[in-house]
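Position chain R relative to chain Z; hints supplied.
If you read the sequences in order, they're chains Z and R.
Under my numbering, think of the first position of the first sequence as 1, with each following residue one higher.
Under my numbering, think of the first position of the second sequence as 1001, with each following residue one higher.
Hint data in this document are derived by calculation from the structure and do not stem from the laboratory.
Even for Gly, the Cβ is constructed at its ideal location relative to N, Cα and C.
Treat the hints with care, since some could be wrong.
To be verified - Keeping only pairs whose Cα atoms sit at most 27 Å apart, straight-line, the calculated BS3-like set for lysine-lysine is:
1) Z:LYS219 to Z:LYS163
2) Z:LYS74 to R:LYS1034
3) Z:LYS163 to R:LYS1192
4) Z:LYS34 to R:LYS1074
5) R:LYS1163 to R:LYS1219
As the list claims (entries may be wrong) - From the derived model, a few chain Z residues whose C-beta atoms are all more than 10 Å from chain R:
6) LEU31
7) GLU153
8) LYS195
2 protein chains.
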Amino acid sequence: MKKLLNRVRKCNSLLCVGLDSETSKLPKKFLKTKHPQYEFNKWIIDETNKFVCAYKPNVAFYESRGDRGIRELKMTMEYLKRQHNNIFTICDAKRGDVGNTSQNYAEAIFDWLGFDAVTLNPYLGAEALEPFLNRKDKVSIILCRTSNPGAGEFQDLRTSRGKVWERIAWNVVTSWDKDGNCMLVIGATYPKELKRARAIAKNMWFLVPGIGAQGGSIKEAMKAGATKEGGLIINSARNIIFEKTPGDAARRLKEEINSFYPLPGS
Amino acid sequence: MKKLLNRVRKCNSLLCVGLDSETSKLPKKFLKTKHPQYEFNKWIIDETNKFVCAYKPNVAFYESRGDRGIRELKMTMEYLKRQHNNIFTICDAKRGDVGNTSQNYAEAIFDWLGFDAVTLNPYLGAEALEPFLNRKDKVSIILCRTSNPGAGEFQDLRTSRGKVWERIAWNVVTSWDKDGNCMLVIGATYPKELKRARAIAKNMWFLVPGIGAQGGSIKEAMKAGATKEGGLIINSARNIIFEKTPGDAARRLKEEINSFYPLPGS
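Bound conformation, chain Z alone (with noise of 0.2 Å):
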């Protein structure tokens, strides 16, 4: 969590980009190269570094194409390591297994990829995820209120206390954070509940998708949910890497976002 802190306040900037490296959506020019995914990354990690506190691949993306998917995330991984080692790297991979096998999952994100942190799916509780939570060098960032249309499915089961995502922002705040190490994931396009998540998690920072494409909005979002220190992550993906320039993208939502919240330092 220090790294993103350090982060945040260095470049004064709550935007995470979103490494959604499409094959199909790739420029022409990078699909003729040998390593197209890491080759596009490298133009837009050069491209936005100066503007974000976070890149976040999602792993669906590269294992897509297989083997050499995951090679490319891995070369894109190194490439950060060299070149940006203070930008928080957050792997989007949900997983959520039991024990012995998120053991697993764990080594091959933070061990082998080399990532910060992870994005985790809370169905299986707390104890499945220990081999996660356990690593307090590493961020686990679980799914609480999604962004997707049909979130609200078994989200918004209503318990005895609470909805079933409530219930999971409150067990994440009172018992798995035991060492400042977790964050929850929160959609934009729910500011309503993002508001509520701040009211169960007041110092917990959230990693909030959904702006742009998915149709969540910036103020609402920051009016919602941030706080003193920052507070949310602001991801966007297709919105800032498929654009012509986007070091301009990237640039001008870092400053839309800066407009409804003056970080300190800003």
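For chain R alone, coordinates are given in the frame of chain Z:
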């Protein structure tokens, strides 16, 4: 589903072997080869294929070796397709992401790796999993009541109409399974819940992990959940693949399962 049913009848077995080929547990002779996980899997498949209806590799054990592991999982799938194309294959990946991303996971698992079925996490709802559910040629196996000790943390929360996991079973049966291509995961470690799941999902097939190392009993699982056609795929991994004679272990387990349930034709 037809492929599964045909195989169950043909080999008269409900046994699934979990190819959880954790490198640190492989016999030394395989570690010396160029493709240790592939060579090990090949040996396990050669020894056990007569006794099984399905194979289920958990991808975590391959991802922890990076692109090499993924490559060897693919080689394993190619071997199965070549040698035993009638055996049902399940990718234990527990994926669940927003629609656009699920599409990429579906391509990775169904098309690139070539699996017949995948395990999925329902927390994001049916809308997010449509790219899997819409594949009528493939089977979606939805996590419902998992086998781990801490499974109840959220799965057992009471809602106005049953527990969370019961609502998931109910929704899958009544609306997700419109093409008859869904199954549920119910752990053998919870026979009471298995019985209850059978009451909700009368004819649906369940994937049942948790016997052996995790403590679930075959007898109780069969009593609680078997149907006329079988209805259960009983998974075993460590207790077969890390035995000295995996073929004997698989045959014994198949016979034990059948002793509680004479399948048609046995």
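Taking the hints in turn, this is what the structure says about them:
1. Z:LYS219 to Z:LYS163: Holds. LYS219 of chain Z to LYS163 of chain Z sits at ~25 Å (cutoff 27 Å).
2. Z:LYS74 to R:LYS1034: It holds: about 21 Å lies between the C-alpha atoms, which stays within 27 Å.
3. Z:LYS163 to R:LYS1192: Roughly 25 Å separates the two Cα atoms, so the pair holds.
4. Z:LYS34 to R:LYS1074: 21 Å, holds
5. R:LYS1163 to R:LYS1219: 25 Å, holds
6. LEU31: 17 Å, holds
7. GLU153: 3 Å, violated
8. LYS195: Check passes; 21 Å lies beyond 10 Å.
When the structure is compared with the earlier hints, a violation turns up for hint 7 alone.
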